[in-house]
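Undergrad: For reference, the chains in residue letters:
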Amino acid sequence: MKARIHITLKDGVLDPQGKAIQHALGTLGFSGVEGVRQGKYIEIDLAETDKSNAAETVEKMCKKLLSNMVIENYSITID
Amino acid sequence: MKARIHITLKDGVLDPQGKAIQHALGTLGFSGVEGVRQGKYIEIDLAETDKSNAAETVEKMCKKLLSNMVIENYSITID
Amino acid sequence: MTKINWNNNPEITDDLVKEHGLSVDEHKLMIKILGRKPTLTELGIFSVMWSEHCSYKSSKLHLKTLPTEAPWVIHGPGENAGVIDIGDNQAAIFKMESHNHPSYIEPYQGAATGVGGILRDVFTMGARPIANMNALRFGSPEHPKTRHLLSGVVEGIGGYGNCVGVPTIGGETNFHPSYNGNILVNAMAVGLADQDKIFLSAAAGVGNPVIYVGSKTGRDGIHGATMASAEFTEDNEEKRPTVQVGDPFTEKLLIEACIELMSTDMVVAIQDMGAAGLTSSSVEMASGGGVGFTINLDNVPQREENMTPYEMMLSESQERMLVVLKPDRVGEAEAIFKKWDLDFAVIGEITETGNLTLLFEGKTVADIPTQPLADNSPEYDRPWIKTEIQPTIDAFDIPIPIDFRDTLLKMINSSDLSSREWIWQQYDHQVMADTIQIPGGDAAVVRVHGTNKALAISTDCTPRYCYADPFEGGKQAVAETWRNLTSVGAQPLAITDCLNFGNPERPDIMGQFVGAIEGIREACTVLDYPVISGNVSLYNETNGTGIHPTPAIGGVGLLKDSSKMITIAPKNEGDVIMLIGECTGHLGCSLYLNIIEGREEGAPPPVDLTLERKNGDFVRTQIQKRIITACHDVSDGGLFVTLSEMAMASGHGMEITINNGDIPIHAYGFGEDQARYVISVSPDNVKGIITAARDANVAIKNLGIVQGNTVNIKNTFTITLNELLDAHSTWMPKYMSNKD
Amino acid sequence: MKSAVVTFPASNCNRDMFDALEKITGKTPYQIWHQDSEIPDVDLIALPGGFSFGDYLRCGAMAARSPAIKAIALHAERGGNVIGVCNGFQVLTEMGLLPGALMRNSSLKFVCKTVHLQVENTSTNFTNAYTKGQVIDIPIAHHDGNYFADEDTLKILETNGQIPFRYVSKEGNAIASANPNGSQNNIAGIINERGNVLGMMPHPERLIEDAQGGTDGRGFFESIINTLK
Ligand SMILES: Nc1ncnc2c1ncn2[C@@H]1O[C@H](COP(=O)(O)OP(=O)(O)O)[C@@H](O)[C@H]1O
Ligand SMILES: [Mg+2]
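Chains as they are written, first to last, in my numbering: chain A, 1 to 79; chain B, 1 to 79; chain C, 1 to 740; chain D, 1 to 229.
Do not rely on the hints blindly, as some may be mistaken.
Computed footprint of chain A on chain B, listed as stretches where at least three residues anywhere in the stretch have a Cβ under 8 Å from a Cβ of chain A [as the list claims (entries may be wrong)]:
{"hint": "1", "region": "29 to 35"}
{"hint": "2", "region": "48 to 62"}
Cross-link-like lysine-lysine pairs, in silico, PhoX-like; alpha carbons within 25 Å at most [said to hold, decoys possible]:
{"hint": "3", "chain 1": "B", "residue 1": "K63", "chain 2": "D", "residue 2": "K109"}
{"hint": "4", "chain 1": "A", "residue 1": "K40", "chain 2": "B", "residue 2": "K60"}
{"hint": "5", "chain 1": "C", "residue 1": "K145", "chain 2": "C", "residue 2": "K734"}
{"hint": "6", "chain 1": "A", "residue 1": "K64", "chain 2": "B", "residue 2": "K40"}
Everything labelled a hint here was simulated from the structure, so no lab data went into it. Heads up, the beta-carbon is just placed ideally off N, CA and C, and yes, glycines get one too.
Based on the provided sequences and hints, a complete structural model is requested.
TA: Next comes the structure, spelled out in structure tokens:
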């Protein structure tokens, strides 16, 4: 199975990369950009064949390693 | 409108980060991890209200700045 | 006769041979060596081994003429890197290499993998890398790609070097339209080893195991020819060469693991997999040792599925090494690589056949005698024509500026002369805690860890001189590194070169190459400063326009007592500023002529090597005696720029009086005559140094004193330090923050 | 003083830290490999700079899940001193021994240069050899030194004197132009509430001899020695 994980910064956490992209888009002449946030996107191929088992495992992976709960949120999709 | 952009490495391009994450998951005791690829996830808030205009603009942004066409692919969703 | 598996083997047509970049004659030679037609894998192996990059076929003939010996040279060209004696059973090991084309395509990864590759050349010999340098040439600042390339290259060099924990301590950066379509990224690495623990690549010992360590093999950077032969492979997946991505984390582990391995007595031979990866490493190890290799490709650690022998042999995946071990030591070696989480596989063994024999899925897919493959590679004496000599420009024909202040400020605020701090701030130049002279001076200096010694390193080349006169330019590049090492008090010992030129099949370009080599040869001979390693990069051109000939030189020198090192910054108010060497006011090919008058013409300043040696030896001796307290050689921009740079570095102003005699003042101040140094000495030592100079027949002149916070050249200009600093420091940050 | 230096894969200032400790304390530090689950009884554990695990995923994240981490946390819990410099600081926040996180520099660029730091609190284990308000010069070299914590945490750090070092101008002002990485409140280093765990981005171990350009880093190690007297 494939797990797709989105890791995004929590609201209120400053995002230097997002800010820099927004600025760069402005200088490139793109107008109307009201906000940019950059996060991570991780794809994991799992040997597991049961969807709910997979979801549970990936949840643990996020908590234990993939995301830093002080500043980040995560969301998981399994397919 | 909100654009969600996924930027991933092209097939065959080495992904040192993904490799290291896969390894770390192994040491943490997660078994059955067959592959990990890490990409970027970018959210952009746009003033634009027309979906197809937005899509067109974001496409340009990807080509000009957000993705490195030599090694990366991108995909865009607008909502 | 070995049975060859002809299954899945396309017919080797003339077209296919051509697509592999081999000529008709080369094809014939290949068949003669094999005694039959090659397999596809063999064709691939021949094509990369005989490529310009690996075989030096256009340059060999001329490279042979370079001086490579001196009593302190332990290994000259021919090994992965050159080795010199620095006393106390210690050796400095170094080399410079180009990564031009990959860096143009993907600046970050191209530059990063360039750093990775040169580091491996150095640590494969048993050295711990202790310094990185980078010599960079970009197109004109106005060219739309320049900003992107500069930012990517610098980030890539930093991204790799910073992570592996080797300080990047210096380099050089030029901008010129001739590099618009073909930038140059030359990386140099310097390492340190004990002389009795230097490892070479020649394999030995029939039956000894051949080990693959590092990262897995993917389809990275496979020779462009693969594209053409994609239709011959089994799966129809798109086979365009993929960009090589650097993994500095793995490289760092590889450095530590290899150093640990080499601290034992298990290693017979070791070699990094550089260009043409598994092919060049195995062929060089086998031919160097006069033995054969049998490799079972099924055992090669692979990152991707269904890789063919052709792909495995031609892959340029990074961070890999090939090792020949003593028998019965595989277990011990494996434990080391396991500890560092690196791939480790026994992929073959040494045979007595002299052949590189490749097995794949139980069949022989290649069987090539390695000695003729490596040593009988083609060698060309390409036709060349001597570069036309440019007329010497008379300084009186160049207008005198109305406003010297504006002129100087304009010059130091230019792309050529402005501060490179924006670049080197992105490099960790202090990791390892031995950097005692950071970028910004003449040479970078690192201590030899745990000793009182230090190595000084400088990379130099003035391409506009080389273009006008390759011979004088070649001399000048060598002389400038020598001067820069001398300026910090070091004894210059040896150089590495990275010869970047256009298409050698054009006689004018070949003429530039030959001229530059002659110049390098002459300078190395007179200065006792041999070439111990190097690299040639040809075909640097786009749409038929070659780059400026750019023989980048990396020089290394030794300070036996690092406490005697000096910088370009005078320390005390009241110190006397003096000039060593003669001003003739040579404005031809100068930056003044270019920046202020918009002209790129004339003969470059001639390099009198005997004078260089005399003046440099004098300066070094006086530094060693602690008489000279600061020193800066005079190069780009001439005397006024040199004085300004010294003032900016010190935070003190200067009161200077120029006695220019018959020479127009602008030519005196901005001329680029060679063999000159500006020094500072304490007032007590002025008399003494003048006497010593007279005795040594060295020209010396009192220019003025260190004082206040303005640089004041009497009757010419007065500029405050703040104005200077502002002009010097802002060009690059401003340029780079201006996105387009 | 007995000390130990931890090495993670791709730590690269471990030797520098080791040498500094050896020179200043006169004793050879222990070396801890990231997979060691037991560590010797020492007065100080130092987590050095570098790019542990390539700084992949997040700086310090994988190192903070190493086997040696449990023992280090236990050492801290028992009141033992722990310092983390640069990557070591990132590991300490990822371990949760120090609050907050270190984000990408606001310039998005790696920055290596010498900065001015003001020593604000001299009553800590790590700063008592300096004088209050002293401005010292120390090199930095990092890509991710932009300190972030939520407002409540910041308030606590500020009121408890848990910010021993701040980036300042030569004159000692914590102004924006003196901030090399965008850190909140110009924070260069923080200390835990109990006062035995310090994380900082600048590298004191690179500045302990005149040949390195100064000795302003020494006070930091000398402070720890003083504390143990
Ligand atoms: N790409 C670079 N990387 C690191 N340092 C650089 C780079 N380019 C220039 N520098 C540094 O900037 C200073 C000035 O360079 P340059 O003008 O070429 O010196 P010189 O004229 O003495 O050879 C040197 O200390 C050099 O090491
Ligand atoms: Mg110089």
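Undergrad: Are the hints correct? Go through all of them and say.
TA: Here is what the structure says about each hint:
1. 29 to 35: Result for this restraint: holds, n = 6.
2. 48 to 62: holds (count 4)
3. K63(B) to K109(D): holds, 22 Å
4. K40(A) to K60(B): holds, 21 Å
5. K145(C) to K734(C): holds, 16 Å
6. K64(A) to K40(B): holds, 20 Å
Against the hints set out earlier in the document, no violation occurs for any number.
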